[in-house]
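One letter stands for each residue in the lines below.
Number of protein chains: 2
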Amino acid sequence: MQSYPQSPVTGQMMSQPLSISSIIQFAARHYGGSEIVSRRVEPDLTDLHRYSYRDCELRARRLARALVERGIAMGERVGTLAWNGYRHLELYYAVSGTGAVLHTINPRLHPEQIAYIVNHAEDQLLFFDLTFLPLVEAIAPHCASVKAFVLMSDRAHMPLETRIPNLLCYEELIEAASSDYSWPLFDENAAAALCYTSGTTGNPKGALYSHRSTVLHAYASAMPNVLNVSARDTVLPVVPMFHVNAWGLPYSVLLSGAKLVFPGAQLDGKSLYDLFEREGVTFSAGVPTVWLGLINYALQNGLRFSTFRRTVIGGSACPPAMMNTLIDRFDVQVIHGWGMTEMSPLGTTGGLLVKHLALPKEEQRKILQKQGHAIYGVDMKIVDDDGVELPWDGVRFGHLLVKGPWIVASYFRDEGGDVLQDGWFPTGDVATIDPDGFMQITDRSKDVIKSGGEWIGSIDLENIAMAHPAVMQAACIGVHHPKWDERPLLVVVRRPGAELTREELLGFFEGKIAKFWMPDDVVFTDSLPLGGTGKIQKNRLRELYRDHRLPGT
Amino acid sequence: MQSYPQSPVTGQMMSQPLSISSIIQFAARHYGGSEIVSRRVEPDLTDLHRYSYRDCELRARRLARALVERGIAMGERVGTLAWNGYRHLELYYAVSGTGAVLHTINPRLHPEQIAYIVNHAEDQLLFFDLTFLPLVEAIAPHCASVKAFVLMSDRAHMPLETRIPNLLCYEELIEAASSDYSWPLFDENAAAALCYTSGTTGNPKGALYSHRSTVLHAYASAMPNVLNVSARDTVLPVVPMFHVNAWGLPYSVLLSGAKLVFPGAQLDGKSLYDLFEREGVTFSAGVPTVWLGLINYALQNGLRFSTFRRTVIGGSACPPAMMNTLIDRFDVQVIHGWGMTEMSPLGTTGGLLVKHLALPKEEQRKILQKQGHAIYGVDMKIVDDDGVELPWDGVRFGHLLVKGPWIVASYFRDEGGDVLQDGWFPTGDVATIDPDGFMQITDRSKDVIKSGGEWIGSIDLENIAMAHPAVMQAACIGVHHPKWDERPLLVVVRRPGAELTREELLGFFEGKIAKFWMPDDVVFTDSLPLGGTGKIQKNRLRELYRDHRLPGT
Chain A
2 MQSYPQSPVT GQMMSQPLSI SSIIQFAARH YGGSEIVSRR VEPDLTDLHR YSYRDCELRA
62 RRLARALVER GIAMGERVGT LAWNGYRHLE LYYAVSGTGA VLHTINPRLH PEQIAYIVNH
122 AEDQLLFFDL TFLPLVEAIA PHCASVKAFV LMSDRAHMPL ETRIPNLLCY EELIEAASSD
182 YSWPLFDENA AAALCYTSGT TGNPKGALYS HRSTVLHAYA SAMPNVLNVS ARDTVLPVVP
242 MFHVNAWGLP YSVLLSGAKL VFPGAQLDGK SLYDLFEREG VTFSAGVPTV WLGLINYALQ
302 NGLRFSTFRR TVIGGSACPP AMMNTLIDRF DVQVIHGWGM TEMSPLGTTG GLLVKHLALP
362 KEEQRKILQK QGHAIYGVDM KIVDDDGVEL PWDGVRFGHL LVKGPWIVAS YFRDEGGDVL
422 QDGWFPTGDV ATIDPDGFMQ ITDRSKDVIK SGGEWIGSID LENIAMAHPA VMQAACIGVH
482 HPKWDERPLL VVVRRPGAEL TREELLGFFE GKIAKFWMPD DVVFTDSLPL GGTGKIQKNR
542 LRELYRDHRL PGT
Chain B
2 MQSYPQSPVT GQMMSQPLSI SSIIQFAARH YGGSEIVSRR VEPDLTDLHR YSYRDCELRA
62 RRLARALVER GIAMGERVGT LAWNGYRHLE LYYAVSGTGA VLHTINPRLH PEQIAYIVNH
122 AEDQLLFFDL TFLPLVEAIA PHCASVKAFV LMSDRAHMPL ETRIPNLLCY EELIEAASSD
182 YSWPLFDENA AAALCYTSGT TGNPKGALYS HRSTVLHAYA SAMPNVLNVS ARDTVLPVVP
242 MFHVNAWGLP YSVLLSGAKL VFPGAQLDGK SLYDLFEREG VTFSAGVPTV WLGLINYALQ
302 NGLRFSTFRR TVIGGSACPP AMMNTLIDRF DVQVIHGWGM TEMSPLGTTG GLLVKHLALP
362 KEEQRKILQK QGHAIYGVDM KIVDDDGVEL PWDGVRFGHL LVKGPWIVAS YFRDEGGDVL
422 QDGWFPTGDV ATIDPDGFMQ ITDRSKDVIK SGGEWIGSID LENIAMAHPA VMQAACIGVH
482 HPKWDERPLL VVVRRPGAEL TREELLGFFE GKIAKFWMPD DVVFTDSLPL GGTGKIQKNR
542 LRELYRDHRL PGT
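Which chain is which? The protein sequence lines are A and B, in order.
The working numbering puts the first residue of the first sequence at 2, with every later residue one more than the last.
The working numbering puts the first residue of the second sequence at 2, with every later residue one more than the last.
Some hints could be false.
[Claimed, not checked] If you only want the chain B side, here are some residues facing chain A, beta carbon under 8 Å, derived:
1) M14
2) P18
3) G72
4) G76
5) V102
6) A193
7) S211
8) V230
9) A259
10) Q267
11) G270
12) V355
13) Y412
[As the list claims (entries may be wrong)] In silico DSS-like links for lysine-lysine, alpha-carbon gap of 30 Å or less:
14) A:K271 x A:K536
15) A:K271 x B:K271
16) A:K356 x A:K367
17) B:K367 x B:K536
18) A:K356 x B:K271
19) B:K356 x B:K447
Keep in mind that the hints were calculated from the coordinates and are not lab data.
We treat Cβ as the ideally placed atom computed from N, Cα and C, and that holds for glycine.
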């Protein structure tokens, strides 16, 4: 790591490296009785798994010893293909705690991509949930670095026959290992975890987190302006542990002493609703598409939430209509979050300031729809195509750049070369920042519609479309225009049973935007292409509608 | 600093030292419009001073430049004798931000002690509020290291004649300095601030904080389990910036974007109440004696709080009666805090767990009266006289030991030599810890009453006495007993106008404690001796009652 000028006088405080194992040790010692409840992944096990922080630490310690006994050394990678559950949590702590590197893999990626990143990471072991047995059978022959595959279940769930070489049983590994293991201390800049971005172009690239970055992110993300996790909360992370570290909740929840509830593989509206009610969930976090399922289920069945009071929504922008429904119909506070795999992942969260508390509801809602303030530790700025910083006036939008101790300086194995611009990480997002420091994403840099030399933000247009009661999903892309280079095209999925014409929807935009921003056309479709993390694949849409002929051209 | 084993694989995150200047830069950039409101120290200025985070950073930067221009080098100490106000805040950031060391001095100490610590710290400059002009005139001749004294006011408030050599005017310093200054980056273990403990025995000893320890403490203390500061809060720190860093609020408030209100020198009940109401204070923090004044004022005048909803009480234990009054009469949530100058200062805070939320109010109240959970980063244990760790059963009490990255490893200039016990800092407190991790202070190690080989906790006895409606203050000390070595003596100040006899008060203890714990005697007095930080001086009491003859001896 870079070194900085020394002071002739050093503080006389205890020296202690920041470490992920310190979180699980703290949790077990100081909040030992706090509960962890998990929906099981094995389809025949319908009860919920329950244990305490204390139990979790003990099993993580035995697992750590098993890893060391199998020769996993500091810095070596251990892969996981798993849902949000207690065994995955044990791996989070056991792998990083020994000094090895936890490599969480997104099972929604194409099997070829999964094999690519297992090989690129040189995973030594690959742990996987029962769900992914067929997937692992398919990729195992292509994973040369993997010395053993570990099925995250007990002996009863092991396959009788398998093509997977060297298949081990998770529970047997733990049973065979002694708990006589002490979490080692090492330099806090040691690599701790690896997560690949699902890049839409080129090969996936790995963000390699350190113990220092993970602990700083955990402190920052627990704060009231961010995830606001306390020992009085019951937290259900919908956002997956197999991508972007479930927004750091496996760390921030445990250091806060909250009750933790894992949904396993069942992320449909009914399953989530039942679990929220049964376990008294107060706080959850996830992407908009998941909330869509939950909201629709609750609305269709006339249900309300007994304990659920707060959610952080990120991954992609929360449509204003969804925010309104959650707040007005369900009394659930919505905090807008923004971040990236490359940012551990949290960068900003929404929320009001003191001076906004007396504003009318509608004014407040407009503020809450912004992605909000940088989290202390993160700095951000917006720049034009030439890298010149733009003013924070809430109007001008530019490329969003960030820096901070939990943001990547480069990718694993230096894929993509030197990624920073003058020390700042280019997020690939386009945003405005207002004089109060509220950032609002207006687009992805590659999705912004460049029309006659001006920029049109596709997300603004989508949000307006989504506010129409007959619209279930909407995406806006730029398509070729002979005079303006690009003009906006709306691609819309109607609500089941709803009627809506092109003219009605365009009429709905009247008076809400500048004339210049008005979409040139609307097409209706049955579904939008989604990527591995549930986001709409706009590059795929642009391909599909490349030859779309806009009216009047 | 100590070094730890390196991993062969280092995380690929941005390298950035933790620094105090990063807080003020963040605050000015991202919450630039947030307000700082101060009662002024100059007696003729009765309006409130108001400005923004942005203004504060600009003035701190000019002040930093002025310090550098006057030759203040990295690691050199700069003293302050000042109330909670905006100029003191500017010094917090300007001094540490340049790499120099902010030395906050408790003006309530004896002038000889103040001169001692100014010399011990070798303060190069001494900044002081107008209030302390006579004090500084008295000590100036004895402060050889101080090159200049700076009165924290404008030209109009400078004395026409003074015996102070080299007296400068704060506002003139700032006006003369250019804002052309960039906050430097340096190693995060650099010393940042120095605070002397008001040791009751021996000379005061300095705790020398680093940038790293201060920033980690700031993150940790902002969390919902601790001070719980958000951008929606209006925070009034009653706890002084001249001691224990106002519990870190000058840092945690600014990184949270909250509105900050400073009370200046006026800490009486009426002044505080007026300021709370006028500025919409939602959260405050201070020692019990301050709340006593505020509560009595509000009760006597039949007042309620419009916006005040949460307070952290620490410094000494919050009497249960006070907690009940704040919660039941005023609807103010009380969080018990515990810490020490040597701990930056926060160690634990109270609060319920998920499983306590359904308990009856009385049961919850008992839990809230404990000092609570270690803050993530801090570890704690209790040991007997031989250093053997005691069980966490909520009953056994022992010496409380702590460790963590914001706890001293040694004192400034190594006063007191090697203070750690096997890597742990002995707090001098005696405590129980229950199976859920709740710590409760039962005594100071030196105040515990050792009777017939058993320990009797003086604070438990005081709390019971304080719950009697006729008792205003109570202290319990051990006095010599020919058979039992020591037995408890209660020293009590009655409420004005209240009647109470020895027998009535002892009768009040019946059934509340083991017979063995019953105080042997009660004496009534008009006042209890208080130290420089408002705590009851038990060593002084023990001296006063050394020859007290217990009944039956």
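Okay, the hints, checked on the actual structure:
1. Satisfaction of the interface hint for M14 (chain B) is found here, the shortest Cβ-Cβ separation to chain A being roughly 4 Å, below the 8 Å cut-off.
2. Among the interface hints, the one on P18 (chain B) holds; its C-beta lies about 5 Å from the nearest C-beta in chain A, closer than the 8 Å criterion.
3. Interface restraint check: G72 (chain B) against chain A, minimum CB-CB distance 14 Å, threshold 8 Å, status violated.
4. The beta carbon of G76 (chain B) is positioned within 8 Å of a beta carbon in chain A (closest approach about 3 Å), and the interface hint is therefore held.
5. Taken as an interface hint, V102 (chain B) checks out: its beta carbon lies about 6 Å from the nearest beta carbon of chain A, inside 8 Å.
6. Look at A193 (chain B): its Cβ gets to within about 6 Å of chain A, closer than 8 Å, so that hint holds up.
7. Interface hint at S211 (chain B): satisfied, since its Cβ lies 2 Å from the closest Cβ of chain A, which is below the 8 Å cut-off.
8. The beta carbon of V230 (chain B) is positioned within 8 Å of a beta carbon in chain A (closest approach about 6 Å), and the interface hint is therefore held.
9. Given hint, A259 (chain B) at the interface with chain A, holds; its Cβ is 7 Å from that chain's nearest Cβ, closer than 8 Å.
10. Hint status for Q267 (chain B) relative to chain A: violated, with the closest Cβ pair at about 23 Å, above 8 Å.
11. With 8 Å as the threshold, the beta carbon of G270 (chain B) stays out of range of chain A, its nearest partner Cβ sitting at about 25 Å, so the hint is violated.
12. The interface hint given for V355 (chain B) is met, as the beta carbon of that residue sits about 5 Å from the closest beta carbon of chain A, less than 8 Å.
13. Hint status for Y412 (chain B): holds, given a least beta-carbon distance of 7 Å to chain A, under 8 Å.
14. Our distance criterion of 30 Å between C-alpha atoms is met by K271 (chain A) and K536 (chain A), whose separation comes to about 22 Å.
15. Only pairs whose Cα atoms come within 30 Å are accepted, and K271 (chain A) paired with K271 (chain B) is rejected, the gap being roughly 55 Å.
16. Taken as a hint, the K356 (chain A) and K367 (chain A) pair is honoured in the structure, with Cα atoms around 14 Å apart against an allowance of 30 Å.
17. Between K367 (chain B) and K536 (chain B) the CA atoms are separated by roughly 23 Å; this keeps the pair inside 30 Å, and the hint holds.
18. Restraint check: the Cα-Cα separation between K356 (chain A) and K271 (chain B) comes to about 26 Å, which is no more than 30 Å; the hinted pair holds.
19. Straight-line distance between C-alpha atoms of K356 (chain B) and K447 (chain B) comes to about 36 Å, which puts the hinted pair past the 30 Å bound.
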